[in-house]
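Engineer: In case you want the letters, here they are:
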Amino acid sequence: MSKVLNASCEAGSVSCEGQKLEGVVILGEGVEASEGVLIIQNGVTYYVPKTSPDLKEVITLLNDILGSIATIATGIDAATNSPNAQAAAIAQLQTKISQFNQKGEALR
Amino acid sequence: MSTRIKTFGLGFKMRIDCIHGFYVFTEEYAGDVARFASIFRIDLESKGELFTFKDLIAAPDYSIKGADILANKAKVTHEGRPWEVMEANGLVYDFTAEKVVDINSIRQVITLSKGLEYYFADGLIVAGSIAGSQKIKGFKAWFNFRDRSFKYSEVSFV
Chain A
1 MSKVLNASCE
11 AGSVSCEGQK
21 LEGVVILGEG
31 VEASEGVLII
41 QNGVTYYVPK
51 TSPDLKEVIT
61 LLNDILGSIA
71 TIATGIDAAT
81 NSPNAQAAAI
91 AQLQTKISQF
101 NQKGEALR
Chain B
1001 MSTRIKTFGL
1011 GFKMRIDCIH
1021 GFYVFTEEYA
1031 GDVARFASIF
1041 RIDLESKGEL
1051 FTFKDLIAAP
1061 DYSIKGADIL
1071 ANKAKVTHEG
1081 RPWEVMEANG
1091 LVYDFTAEKV
1101 VDINSIRQVI
1111 TLSKGLEYYF
1121 ADGLIVAGSI
1131 AGSQKIKGFK
1141 AWFNFRDRSF
1151 KYSEVSFV
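Sequences listed follow chains A and B, in order. Just so you know, we're using my numbering here: the first sequence kicks off at 1 and counts up by one. Just so you know, we're using my numbering here: the second sequence kicks off at 1001 and counts up by one.
These are computed hints drawn from the structure, not numbers from a lab. The C-beta atom is built at its ideal place from N, Cα and C for all residues, glycine as well. The reader is advised that the hints may include incorrect statements.
A few chain A residues that face chain B, going by a derived Cβ cut-off under 7 Å, partial list only [what the hints assert, rightly or not]: (1) Lys3; (2) Ser13; (3) Cys16; (4) Glu17; (5) Ile40; (6) Thr45.
As a list, the in silico EDC-like pairs of lysine to aspartate or glutamate whose alpha-carbon atoms are at most 16 Å apart [stated by the list, open to error]: (7) Lys1047/B / Glu1027/B; (8) Lys1073/B / Glu17/A; (9) Lys20/A / Asp1068/B; (10) Lys1075/B / Asp64/A; (11) Lys1075/B / Glu22/A; (12) Lys1065/B / Glu22/A.
Chain B is faced by these chain A residues, among others (derived, beta-carbon under 8 Å) [to be verified]: (13) Met1; (14) Ser2; (15) Gly18; (16) Ile97; (17) Asn101.
Turn these sequences into a full structure, and let the hints guide you.
Structural biologist: This is the structure:
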């Protein structure tokens, strides 16, 4: 038998029903503040963050990054003698990579 | 013309279990729990398939350390059946005070007499009562409707 309750986590500290709990096994690094569930089972408590929305954002960013790479690669393939022709696409790619890394840290 | 009241179907005994201060009343014949409640003027209600004191209907199947549990502060985070949660938090139901209390707050001393097959005590035991030098945490008992006595087949101690 186990019990599942709504809980939250911030900076590695899990709270449930207004109480901060000690000794909770956090599944995930719990670096970012998150909402999740507390599972009580056999005397052990676990916290599982609800990461689905973050995961969707990460996957969306990854798709965008891959799309940018494809654009750049296509451009390189078609390039003749025009340097910096892909500069804008490359800058956009670097921005997306940076966003992806941030989301990946939060997801962990 | 005389009037005879049939008593067929009425049991002469009813089982009472105390599991770490959580009382469960089990009837052999429908209506026995109501009879018992009427005799002692108490409120018993059904919680799923069992009958218990009205104040224990809301006994939860979990506790969060520091949060409220049955008007007490939970000592541990725990999950399980209501009596398991009460035991983990050191709580019992004091039916004389009609509230859930810390087992250590029960200071009542009782005499538990040992018979051939049963123990005997005066009335229904409040969990936490002290018999000899030991604190009672639970028991299995039978109430006899005929002589209104309680017999205890098992008694467990802290």
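Engineer: With reference to the structure, classify each hint as holding or not holding.
Structural biologist: Here is what the structure says about each hint:
1. Interface restraint check for Lys3/A: the shortest CB-CB distance to chain B comes to about 4 Å, inside 7 Å, so the restraint holds.
2. Look at Ser13/A: its Cβ only gets to about 13 Å from chain B, farther than 7 Å, so that hint breaks.
3. Taking 7 Å as the C-beta contact cut-off toward chain B, the hint placing Cys16/A at the interface holds, the least distance being around 5 Å.
4. Taking 7 Å as the C-beta cut-off, the interface hint given for Glu17/A holds, the closest approach to chain B being about 5 Å.
5. With a cut of 7 Å, the hint placing Ile40/A at the interface with chain B holds, because the nearest CB-to-CB distance is about 4 Å.
6. Of the supplied interface hints, the one on Thr45/A holds, with its beta-carbon coming within about 6 Å of a beta-carbon of chain B, less than 7 Å.
7. Taken as a hint, the Lys1047/B and Glu1027/B pair is honoured in the structure, with Cα atoms around 14 Å apart against an allowance of 16 Å.
8. The straight-line distance between the Cα atoms of Lys1073/B and Glu17/A is roughly 13 Å, inside the 16 Å bound, and the hint therefore holds.
9. In summary, the hint linking Lys20/A to Asp1068/B is supported, as the alpha carbons are separated by about 14 Å, within the 16 Å threshold.
10. Pair hint Lys1075/B plus Asp64/A does not hold up; C-alpha atoms about 51 Å apart against a cutoff of 16 Å.
11. Using a Cα cut-off of 16 Å, the hinted pair Lys1075/B and Glu22/A holds, with the two alpha carbons roughly 12 Å apart.
12. A distance of roughly 9 Å separates the Cα atoms of Lys1065/B and Glu22/A; the hinted pair therefore holds under the 16 Å criterion.
13. The beta carbon of Met1/A is positioned within 8 Å of a beta carbon in chain B (closest approach about 6 Å), and the interface hint is therefore held.
14. Given hint, Ser2/A at the interface with chain B, holds; its Cβ is 6 Å from that chain's nearest Cβ, closer than 8 Å.
15. With a least beta-carbon distance of about 7 Å to chain B, the hint placing Gly18/A at the interface is held under the 8 Å criterion.
16. Among the interface hints, the one on Ile97/A is violated; its C-beta lies about 42 Å from the nearest C-beta in chain B, farther than the 8 Å criterion.
17. A distance limit of 8 Å between C-beta atoms decides the matter here; for Asn101/A the minimum to chain B is near 36 Å, and the interface restraint is violated.
In this structure, the earlier hints numbered 2, 10, 16 and 17 are contradicted, and the remaining ones agree with it.
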